[in-house]
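A.B. asks: Following the hints, put chain D in place on chain W, whose structure we already have.
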Amino acid sequence: MERYYQPEIECAPREQILQWQNERLVKQVQNVWEHVPYYRKKMEEKGVTPADITGVKDLYKLPFLCKDDLREAYPYGLLARPLSDCVRIQSTSGTTGRRVVAFYTQHDLDLWEDCCARAIVAAGGTKDDVCHVCYGYGLFTGGPGLNGGSHKVGCLTLPMSSGNTDRQLQFMVDLGSTILCCTPSYAAYLAESIHERGLRDQIKLKAGIFGAEAWTEEMRHNIEEKLGIKAYDIYGLTETSGPGVSFECSEQSGMHINEDHFIAEIIDPDTGEVLPEGEKGELVFTSITKEAFPLLRYRTRDICVLSRKPCSCGRTHVKMSKPMGRSDDMLVIKGVNVFPSQIETVLLKLGMEPNYRMIVDRKNNLDTLEVQVEVNEAQFSDTVKNMEKVERSISSALQSILGIGAKVTLMEPKSIERSEGKAKRVIDNRDLFKS
Amino acid sequence: MQIQQLSVFIENKPGRLAEITEVLAEAQVDIRAISVADTSDFGILRVIVDKPDAAIAALKEHGMTVSLTNVIAVGISDERGTFSKAVRFLADQGFDVEYMYAFISRDQGRAYVIIRTSDGARAAQALQDHGFEILPAEAVYNM
Numbered sequence: 001m002e003r004y005y006q007p008e009i010e011c012a013p014r015e016q017i018l019q020w021q022n023e024r025l026v027k028q029v030q031n032v033w034e035h036v037p038y039y040r041k042k043m044e045e046k047g048v049t050p051a052d053i054t055g056v057k058d059l060y061k062l063p064f065l066c067k068d069d070l071r072e073a074y075p076y077g078l079l080a081r082p083l084s085d086c087v088r089i090q091s092t093s094g095t096t097g098r099r100v101v102a103f104y105t106q107h108d109l110d111l112w113e114d115c116c117a118r119a120i121v122a123a124g125g126t127k128d129d130v131c132h133v134c135y136g137y138g139l140f141t142g143g144p145g146l147n148g149g150s151h152k153v154g155c156l157t158l159p160m161s162s163g164n165t166d167r168q169l170q171f172m173v174d175l176g177s178t179i180l181c182c183t184p185s186y187a188a189y190l191a192e193s194i195h196e197r198g199l200r201d202q203i204k205l206k207a208g209i210f211g212a213e214a215w216t217e218e219m220r221h222n223i224e225e226k227l228g229i230k231a232y233d234i235y236g237l238t239e240t241s242g243p244g245v246s247f248e249c250s251e252q253s254g255m256h257i258n259e260d261h262f263i264a265e266i267i268d269p270d271t272g273e274v275l276p277e278g279e280k281g282e283l284v285f286t287s288i289t290k291e292a293f294p295l296l297r298y299r300t301r302d303i304c305v306l307s308r309k310p311c312s313c314g315r316t317h318v319k320m321s322k323p324m325g326r327s328d329d330m331l332v333i334k335g336v337n338v339f340p341s342q343i344e345t346v347l348l349k350l351g352m353e354p355n356y357r358m359i360v361d362r363k364n365n366l367d368t369l370e371v372q373v374e375v376n377e378a379q380f381s382d383t384v385k386n387m388e389k390v391e392r393s394i395s396s397a398l399q400s401i402l403g404i405g406a407k408v409t410l411m412e413p414k415s416i417e418r419s420e421g422k423a424k425r426v427i428d429n430r431d432l433f434k435s
Numbered sequence: 001m002q003i004q005q006l007s008v009f010i011e012n013k014p015g016r017l018a019e020i021t022e023v024l025a026e027a028q029v030d031i032r033a034i035s036v037a038d039t040s041d042f043g044i045l046r047v048i049v050d051k052p053d054a055a056i057a058a059l060k061e062h063g064m065t066v067s068l069t070n071v072i073a074v075g076i077s078d079e080r081g082t083f084s085k086a087v088r089f090l091a092d093q094g095f096d097v098e099y100m101y102a103f104i105s106r107d108q109g110r111a112y113v114i115i116r117t118s119d120g121a122r123a124a125q126a127l128q129d130h131g132f133e134i135l136p137a138e139a140v141y142n143m
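Protein chains in written order, with the numbering used here: chain W, 1 to 435; chain D, 1 to 143.
A couple of the hints might just be wrong.
To be verified - With a straight-line cut-off of 27 Å between C-alpha atoms, the simulated DSSO-like cross-links for lysine-lysine are:
| id | chain 1 | residue 1 | chain 2 | residue 2 |
| --- | --- | --- | --- | --- |
| 1 | W | K349 | W | K67 |
| 2 | W | K389 | D | K13 |
| 3 | W | K57 | W | K46 |
| 4 | W | K67 | W | K42 |
| 5 | D | K13 | W | K206 |
| 6 | W | K363 | W | K230 |
| 7 | W | K407 | W | K363 |
| 8 | D | K85 | W | K414 |
| 9 | W | K414 | W | K389 |
| 10 | D | K51 | W | K363 |
| 11 | W | K230 | W | K206 |
| 12 | D | K60 | W | K424 |
| 13 | W | K414 | W | K424 |
| 14 | W | K424 | W | K280 |
| 15 | W | K363 | D | K13 |
| 16 | W | K407 | D | K85 |
| 17 | D | K60 | W | K280 |
| 18 | D | K13 | W | K424 |
| 19 | D | K60 | W | K385 |
| 20 | W | K389 | D | K60 |
I should point out that these hints are in silico values taken from the structure, not numbers from a laboratory.
Next comes chain W alone, as it looks inside the complex (with noise of 0.2 Å):
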């Protein structure tokens, strides 16, 4: 039977789930107007006020906000409440130059937390439950996110972080992990070190909850017959919280957007026009309880499609299917968003030539990344110790913009296409977004 972390929320008719989010979005858009310069002024450009804001049919009117503003406005110039309100701060991985830095106040962290608990239930969470989070913990939401559901449910919560996957698989065999909550390739990679240790029988795992990066459909059943458990997708970004903006239950298939607390609208990328329920366009969020960071009509440039059939478990929020690609280049390697341009900036820095081509690939189920640079005559040395030199110290800048490690590779000079699109720069072996 379908259970839920609260039901009258969750299940909520459609009416009433329209009536908090007009009274809450009118609300927020006042606070905003009042608190947040930055906000107020593209509002005023664009001549809105909130008085022309009565309700989510209203929301088109509004500006949209996008990673450029926050980047623009960092580290204070969205924030909506005194610093002294704020307990928290998460940042998203290593994305250009500034990072996007989000604030919490204790209402925030608590909202939130529920958010990843109804997903936590939704995937078969109880109080009897051992919750194993290895997201990582720190500035990345993932581990927070779901270390704050756990204890929310009551689960046993195991704080292990990324990486040390021995310490995992002793962990999850002596103290009984029940519940799974990591990336799918982290996911995958566990679930092959534990058949290939022959511990399968010795594990009690029966649920995982998987996200912050795109995963196929292949890759679920792969992961969900290897451990035999069943495979959840969850969603969400650092901007509008963290994970659990929405989450996957039995039906898997499309993730129940927490609706209470985020409205959200598909838009043509290209014109910004509001699209049609089904249509599939970019995903834009709007955060209606959020204290200190409340986005209005964020720009996820993630495209997918909404969707609000009646769902067989009985949860009334929209659905969104799972990311079908980006509207912009963005690329998520190893659950870093990586974007072709931090490459060419990093080259441009070194004095090289901005051509370059990406090699995104998974090998062992973890990310690889290969950056492919052309060798010009100012780096040429005729011994191997300079060359290699020269290797180290793209691949040491890449480390520090990127925040993941890349191997580079010399190539000769024009051996690399020329060309205006991006196709040719990045060669994604993947396939995250097929289905």
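C.D. replies: The following block gives chain D in isolation, referenced to the frame of chain W:
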């Protein structure tokens, strides 16, 4: 006393070495000595030719990354221990040897070692002062 060696960056892909040497052949360039340093992803072809300028022009025309490096050519007689004396001398004088490669001359009983050291001009002078044969560039090119 120094000799100009061409260094060419080569991507690690089949047939590349053949293509590069074909460019030299087409440009009527004769190779005097050759060596390839390889790593897992790339190689560095080092070559001494009879017409360095013509060779560079031809390679660059084909879009290759080429650099010129000064190296020295030391004549070694075919007697046990001669080579080790030369290397010992360089070591004792504080010259680092980056790499070297050898070729045999048409003259009986004589070999030549191409040496790339930290300070080629001084190393060549020191070797010569110490009685080692240092080949002038023209001698190598016209060999």
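A.B. asks: It remains to establish, for every hint, whether it holds in the given structure.
C.D. replies: Status of the hints after comparison with the structure:
At most 27 Å may separate the alpha-carbon atoms for a hinted pair to count; K349(W) and K67(W) meet this at roughly 23 Å. Simply put, K389(W) and K13(D) have alpha-carbon atoms about 22 Å apart, close enough for the 27 Å limit, and the pair holds. As the CA atoms of K57(W) and K46(W) are separated by approximately 17 Å, the hinted pair is consistent with the 27 Å bound. Pair hint K67(W) plus K42(W) holds up; C-alpha atoms about 15 Å apart against a cutoff of 27 Å.
For the suggested pair K13(D) and K206(W), the alpha carbons sit about 48 Å apart, so the restraint of at most 27 Å is broken. Distance hint between K363(W) and K230(W) is fulfilled; the C-alpha atoms sit about 23 Å from each other, no more than 27 Å. The straight-line distance between the Cα atoms of K407(W) and K363(W) is roughly 14 Å, inside the 27 Å bound, and the hint therefore holds. For the proposed pair K85(D) and K414(W), the alpha carbon gap of about 45 Å is over 27 Å, so the pair is violated.
Distance hint between K414(W) and K389(W) is fulfilled; the C-alpha atoms sit about 22 Å from each other, no more than 27 Å. A threshold of 27 Å between alpha carbons decides the hint, and for K51(D) with K363(W) the separation of about 48 Å lies outside it, so the pair is violated. In summary, the hint linking K230(W) to K206(W) is supported, as the alpha carbons are separated by about 6 Å, within the 27 Å threshold. At roughly 25 Å between alpha-carbon atoms, K60(D) and K424(W) fall within 27 Å of each other, so this suggested pair holds.
The hinted pair formed by K414(W) and K424(W) meets the criterion: a straight-line CA distance of about 14 Å does not exceed 27 Å. Restraint check for K424(W) and K280(W): satisfied, since their Cα atoms lie roughly 25 Å apart, inside the 27 Å limit. Distance hint between K363(W) and K13(D) is fulfilled; the C-alpha atoms sit about 22 Å from each other, no more than 27 Å. Proximity of K407(W) to K85(D) is assessed by CA-CA distance (about 42 Å); at most 27 Å being required, the pair is judged violated.
Only pairs whose Cα atoms come within 27 Å are accepted, and K60(D) paired with K280(W) is rejected, the gap being roughly 50 Å. A hinted pair counts as satisfied when its Cα atoms are at most 27 Å apart, and K13(D) with K424(W) qualifies at roughly 20 Å. For the hint linking K60(D) to K385(W), the alpha-carbon distance of about 23 Å falls within 27 Å, and the restraint holds. Among the hinted pairs, K389(W) with K60(D) is consistent with the structure: their alpha-carbon atoms are about 24 Å apart, no more than 27 Å.
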